[in-house]
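A.B. asks: Sequence:
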Amino acid sequence: MRVEGDEITVDLTGSNAEVPTGFNVPFEGSLLVSAYYAVRTVLLDEVTFPEHVPQNDGVFRPVKVIAPKGTIYNPTFPRACFSRFCQTQRVVDNVILALADALPEKVTAGNSAGIHFCSYAGFLAESAEYWIYLEVNEGSYGGRFGKDAMDSVDNLMANTRNNPIEELDMRFPMRCDQYELRPEPSAPGRWRGGIGIVRRNRFLVDGTYSCEGDRQTDPPVGIFGGWDGLVASCRKNPDTPREEVLPAKVTGIPFSAGEFIEFREPNAAGYGDPLQRDPEQVREDLLDDFTTLELAREAYGVVFADERTLEIDRAATEALRAKLRDHPGGLSLTDRFAGAALLKVSAPASVAGNAEFGIG
559 MRVEGDEITV DLTGSNAEVP TGFNVPFEGS LLVSAYYAVR TVLLDEVTFP EHVPQNDGVF
619 RPVKVIAPKG TIYNPTFPRA CFSRFCQTQR VVDNVILALA DALPEKVTAG NSAGIHFCSY
679 AGFLAESAEY WIYLEVNEGS YGGRFGKDAM DSVDNLMANT RNNPIEELDM RFPMRCDQYE
739 LRPEPSAPGR WRGGIGIVRR NRFLVDGTYS CEGDRQTDPP VGIFGGWDGL VASCRKNPDT
799 PREEVLPAKV TGIPFSAGEF IEFREPNAAG YGDPLQRDPE QVREDLLDDF TTLELAREAY
859 GVVFADERTL EIDRAATEAL RAKLRDHPGG LSLTDRFAGA ALLKVSAPAS VAGNAEFGIG
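Residue numbers (the numbering used here): 559 to 918.
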């Protein structure tokens, strides 16, 4: 990100070369829109900005976007550009992160910035017809200045709606066995990260599964001392002898009647030093199952005089927080939560006086 005078430039030089599959992103139709959206949502939020700024061509004129021809964000004709959802989400998330130092009170920590856009299909012999069901599974927002994040919602530039499980159960030969918040805790921060979903869908007949997914290898990034979030995952027949871990992007995976699939969408990242979170908020997080006793102590430095009533020991809490401030780092939840990356990271370097920002 570069700011020069009254212009801001999003430079994607160095992105991957275009690919022969459908994962390329149209420059004008998708990339420009993503960059415009990210800049507007940070700088001209309609709720907080003191003046109404109309949504028209003029408001986006100061935003420049660079993407070299022949790369995944500016493919040459006639490259396919069908499955571009996740790539544009990453652009938005990275623009927000790149502006964190310059606009700390207007950005979020790392968002889920990815989806599992699924297609289930099969053939019903009794009706001699094919069936197909499309589903979008969303994630969560990162913590923001002054507020905890939103859980399990449409994230960033997705513009999709939740599919009611009743529609699936009534109209298609599938059943939703589970649909709820992920059991793993939210990413610690002065303002915690959001929690994604866990969903399990079962095939009642033989069928196939395809998906345009993402964020199964790198977690949403925490800022200003907040912790990273949790990656997504996709498993076929989870917790059974037939369990199979599926990649984020697949085509035509066969499922037999009775087999099922599980998604866990990302837990987004935390904002700010967890040691600055009000101990009473940590107690509320425990009561809501948004965190654990171990995290309350290790990440937030909160000590309870009685773990049954969760009465806070103020003196012990202050002493532990002082100790953790003197000896930061060294904490990791990678092994604790099914290998998902939930790691403490340092705050971005200060860029005071510097008009070029990056995510590093």
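It cannot be assumed that every hint is accurate.
Straight-line C-alpha distance at most 25 Å; calculated DSS-like pairs for lysine-lysine [as the list claims (entries may be wrong)]:
(1) K664 x K705
(2) K664 x K627
(3) K807 x K794
Restraint ranges, calculated between C-beta atoms of paired labels, are given here [to be verified]:
(4) V577 x V711: 39 to 49 Å
(5) R560 x R733: 47 to 57 Å
(6) E609 x V561: 46 to 56 Å
(7) P812 x E609: 27 to 37 Å
(8) P805 x F681: 53 to 63 Å
(9) I624 x R733: 27 to 37 Å
(10) G563 x M728: 53 to 63 Å
(11) N574 x P612: 44 to 54 Å
(12) V561 x G704: 36 to 46 Å
(13) A874 x D846: 16 to 26 Å
(14) I624 x V711: 39 to 49 Å
(15) G628 x E838: 32 to 42 Å
(16) P662 x A575: 33 to 43 Å
Because the hints were derived from the structure by calculation, they are not lab data.
Owing to the predicted nature of the structure, the values given are computational and were not obtained by experimental measurement.
Note that beta-carbon positions come from the ideal geometry of N, C-alpha and C, so glycine has one too.
A.B. asks: If I claimed the Cβ atoms of N574 and P612 lie 44 to 54 Å apart, would that claim hold in this structure?
C.D. replies: Cβ of N574 to Cβ of P612: about 36 Å, so the range 44 to 54 Å is violated.
A.B. asks: Cβ-Cβ distance between R560 and R733: within 47 to 57 Å?
C.D. replies: This hint holds: roughly 51 Å between Cβ atoms.
A.B. asks: Given a hinted range of 39 to 49 Å, is it respected by the beta-carbon distance of V577 and V711?
C.D. replies: About 30 Å separates the Cβ atoms of V577 and V711, which means 39 to 49 Å is violated.
A.B. asks: Is 32 to 42 Å respected by the C-beta to C-beta distance linking G628 and E838?
C.D. replies: violated (55 Å)
A.B. asks: Do I624 and V711 keep their Cβ atoms within the hinted range of 39 to 49 Å?
C.D. replies: violated (31 Å)
A.B. asks: Does the beta carbon distance between V561 and G704 stay inside 36 to 46 Å, or does it fall outside?
C.D. replies: violated (24 Å)
A.B. asks: Between the alpha carbons of K807 and K794, is the straight-line distance 25 Å or under?
C.D. replies: holds (14 Å)
A.B. asks: Note whether the CB distance of I624 and R733 lies within 27 to 37 Å or breaks it.
C.D. replies: Violated - the Cβ-Cβ distance for I624 and R733, about 48 Å, lies outside 27 to 37 Å.
A.B. asks: Could you say whether the range 46 to 56 Å given as a hint is met by the Cβ separation of E609 and V561?
C.D. replies: violated (21 Å)
A.B. asks: Taken at face value, is the distance from the CA of K627 to the CA of K664 at most 25 Å?
C.D. replies: violated (32 Å)
A.B. asks: Between K664 and K705, does the CA-CA distance stay at or below 25 Å?
C.D. replies: Roughly 11 Å separates the two Cα atoms, so the pair holds.
A.B. asks: Range hint 33 to 43 Å: satisfied by the CB atoms of P662 and A575?
C.D. replies: Since the Cβ atoms of P662 and A575 sit about 35 Å apart, the hinted range of 33 to 43 Å holds.
When each numbered hint is compared with the structure, violations occur for hints 2, 4, 6, 7, 8, 9, 11, 12, 14, 15.
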